[in-house]
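Asks: Hey, can you work out the whole structure from these sequences and the hints?
Chains as they are written, first to last, in the UniProt record's numbering: chain A, 1 to 498; chain B, 1 to 161.
To be clear, the hints were calculated from the coordinates, so they are not data collected in a lab.
Computed from a predicted model, the values in this text were never measured in an experiment.
Where a beta carbon is used, it is the ideal one built from N, C-alpha and C, also for glycine.
Where hints are given, some of them may not hold.
Derived list of chain B stretches under chain A, where covered just means 3 residues or more per stretch with a C-beta under 8 Å from a C-beta of chain A [stated by the list, open to error]:
{"id": "1", "region": "23-31"}
{"id": "2", "region": "48-62"}
{"id": "3", "region": "88-97"}
{"id": "4", "region": "131-140"}
Taking lysine to aspartate or glutamate and the DMTMM-like style, the derived pairs with C-alpha atoms no more than 20 Å apart in a straight line are [stated by the list, open to error]:
{"id": "5", "chain 1": "A", "residue 1": "K454", "chain 2": "B", "residue 2": "D33"}
{"id": "6", "chain 1": "A", "residue 1": "K337", "chain 2": "A", "residue 2": "E202"}
{"id": "7", "chain 1": "A", "residue 1": "K337", "chain 2": "A", "residue 2": "E15"}
{"id": "8", "chain 1": "A", "residue 1": "K349", "chain 2": "A", "residue 2": "E134"}
{"id": "9", "chain 1": "A", "residue 1": "K282", "chain 2": "A", "residue 2": "D92"}
{"id": "10", "chain 1": "B", "residue 1": "K146", "chain 2": "A", "residue 2": "E15"}
Ranges between beta-carbon positions, derived for each pair [said to hold, decoys possible]:
{"id": "11", "chain 1": "B", "residue 1": "C11", "chain 2": "A", "residue 2": "R489", "range": "24 to 30 Å"}
{"id": "12", "chain 1": "B", "residue 1": "L79", "chain 2": "A", "residue 2": "P369", "range": "41 to 47 Å"}
{"id": "13", "chain 1": "B", "residue 1": "D154", "chain 2": "A", "residue 2": "R80", "range": "43 to 49 Å"}
{"id": "14", "chain 1": "B", "residue 1": "P27", "chain 2": "A", "residue 2": "P385", "range": "37 to 43 Å"}
{"id": "15", "chain 1": "B", "residue 1": "L10", "chain 2": "A", "residue 2": "M283", "range": "40 to 46 Å"}
{"id": "16", "chain 1": "A", "residue 1": "V467", "chain 2": "B", "residue 2": "L96", "range": "54 to 60 Å"}
{"id": "17", "chain 1": "B", "residue 1": "V143", "chain 2": "A", "residue 2": "L233", "range": "29 to 35 Å"}
Listed here are the chains, written in short residue letters.
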Amino acid sequence: MNALLDAIQMVATGEVLVAILASAVYGMVIGALPGLTATMATALLVPVTFYLSPIAAVATIITSSAMAIFSGDIPGCLMRIPGTPASAAYTDEAYALTRKGQAELALGASLWFSALGGIAGTVALMIMAPALAEMALSFSTFEYFWLSLLGLMCATLVARSSPIKAIASALLGLLVACVGIENPGGVPRFTFGSTDLLGGIEALPALVGVFAVSEIMRAMVSAPPPPLPNRKLGSILAGQWDLTKRFQKQMWRGNVIGVLIGALPGAGADMAAWVAYATSKKMSKTPEKFGTGYPEGLVESGAANNSALAGGWVPALLFGIPGDTITAIAIGVLYMKGLNPGPTLFSEKASSMYALYIVFMLANILMIPLGILMIRVSRQVLRAPRAVAMPLILLLCAVGAYAIGNNPFAVVLVAAFGVLGFVMERNGYPVAALVLGIVMGTMVEQNLVTSLIKSDGDILPFFERPVAAGLAFFTLAAIFWPAVVWLIRRLRPAAAAR
Amino acid sequence: MHLSDRVTGLCLALLGSLAFWGGSRLPAVPGQDVGPAAFPMVIGTGLVLCGLMIAFGIGHTFEVEEPAEREEAPGLAKLLGGLDWLAAFLPPVLLLFYVVAADRLGFLITAAIMLLVASRALGASWRLAIGVTVLAPPFVHLVFYKLLRVPLPDGPLTMPW
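Replies: This is the structure we're talking about:
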């Protein structure tokens, strides 16, 4: 109880509340602009979090990402251009509703079920995390090794691309993480004599480069989004209660799918939305209505992507393994602020954990009034010319990357990763897998090497403990799953021919 | 900037073999079987395998083909005609310009040049481009220098704060 009171005190300070409000507005605007993703919003915030107290710093990340995931739905509804990849799964559905003259219903459903999904995700986080923390206390390096590898493999599975290219991306990320002297021998590895590389390549410049600079590069060679049609919007929340009652089952299913996929290391909000939309269609009594402007799928997937956000924090807080690209950034901030992830966080820093839950709740409640406001001014925000927004982001990338360590080399890294991200994306290599590889490289290596030293080079102990064996099974299944699918596809036509 | 799978796959395989070779030359930790060499060698092997599979087109069937519509980009890309993909590399070049020039020209002038070039390259009208060039740098300076206390180089132009 004392911890809870402490937590309320921690959140109810001017700094935290202003940070929540400011990052909410920031997240809303960035999420609504096509091409600017929730991950990018979060990455650009990190330099700012340097100067905030721990709770305020984490609060900005939680709030801005939640808002951005919702507001990504706005251009999806109005222009058929998803503001963030997490809205892409149901953009067609939302736009079909708008074409039927029901833009308010589409926008309202996105907002209402996003907020409810976020709250459900938070409750799940509150229940799941402490229970799993008990279990995580007994984990050894074997379990951590498999868990981090499983996270990486999940990221490659969920990519909508060739699994081999996704695995190659993750390996590339792991290779980037090899740079520097932080390795089992403490020797300079792949530094090519450069002192800047001795400390290794930090995840943040890589993230900013891959998610922000490469997006600006893409904008240079693509047409700007079409202007928003002039449209008067009626009441946003009217009819949402009816929808909630009508599609209660779908909403809950969306929430559960979101939390589970979010909690899966490596898979985030966009995957949750795709899976929830597909599940909704499969389970629906009227699947033929999907795609024609029917809110059922919208309810389920809109709830799923926001609940996935909170779910993503489960592995991040417990094991330091990112649930998605946003928590990959958040983990860095947690370490920086002395809230080192791990199961002991829940016993030693219980009040900080409660404060985090309160921030999650506040952010999702604040989403409703701010979301309505954002929808009302969306026409003005979406009119912001890309030719102004993108150069400004580029400037923020330069200043932000420099601010991280007052080192110009970070800006060079941002540029390099921008090029890498751009070329990779153009050629079908998923960049999220690369980023997770960079973030998790040190962890995978440390746990692998320590485990190998413990086992005297023997592979068998990796499978001896029951949890380790279970995790190993899932990881290997994830690695070999594409081969199995490929084989089934090959055999099926042969069987059909007979 | 679309390269064939054969090219990207072979590049990855080459990178993997370099990682393997570079890793194998790292000194071992005395009295320990597993050292700093193990991980790069494992990754290198993986990259070689993946690279070769990509080069031979394995796994290609899983890819979701994006509709290949040729988009008309305004500004620099339009100006470059057939070489429009070169325009994509302007943002990283501007970042490198920031690294080289910020100390000499100061933050305000460097930022202004970056904004002007980038906004014009993205097809902004002169009025809009000059507007953002004049207004944005002092604002960013105020936020980062004054509020966040990030040291930004002064150069010939200094701000009153």
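Asks: Indicate, hint by hint, whether the structure satisfies it.
Replies: We went through each hint and held it up to the structure:
no.: 1; hint: 23-31; verdict: holds (count 5)
no.: 2; hint: 48-62; verdict: holds (count 9)
no.: 3; hint: 88-97; verdict: holds (count 9)
no.: 4; hint: 131-140; verdict: holds (count 4)
no.: 5; hint: A:K454 to B:D33; verdict: holds, 11 Å
no.: 6; hint: A:K337 to A:E202; verdict: holds, 16 Å
no.: 7; hint: A:K337 to A:E15; verdict: holds, 16 Å
no.: 8; hint: A:K349 to A:E134; verdict: holds, 15 Å
no.: 9; hint: A:K282 to A:D92; verdict: holds, 17 Å
no.: 10; hint: B:K146 to A:E15; verdict: holds, 17 Å
no.: 11; hint: B:C11 to A:R489: 24 to 30 Å; verdict: holds, 28 Å
no.: 12; hint: B:L79 to A:P369: 41 to 47 Å; verdict: holds, 45 Å
no.: 13; hint: B:D154 to A:R80: 43 to 49 Å; verdict: holds, 47 Å
no.: 14; hint: B:P27 to A:P385: 37 to 43 Å; verdict: violated, 55 Å
no.: 15; hint: B:L10 to A:M283: 40 to 46 Å; verdict: holds, 45 Å
no.: 16; hint: A:V467 to B:L96: 54 to 60 Å; verdict: violated, 48 Å
no.: 17; hint: B:V143 to A:L233: 29 to 35 Å; verdict: holds, 32 Å
In this structure, the earlier hints numbered 14 and 16 are contradicted, and the remaining ones agree with it.
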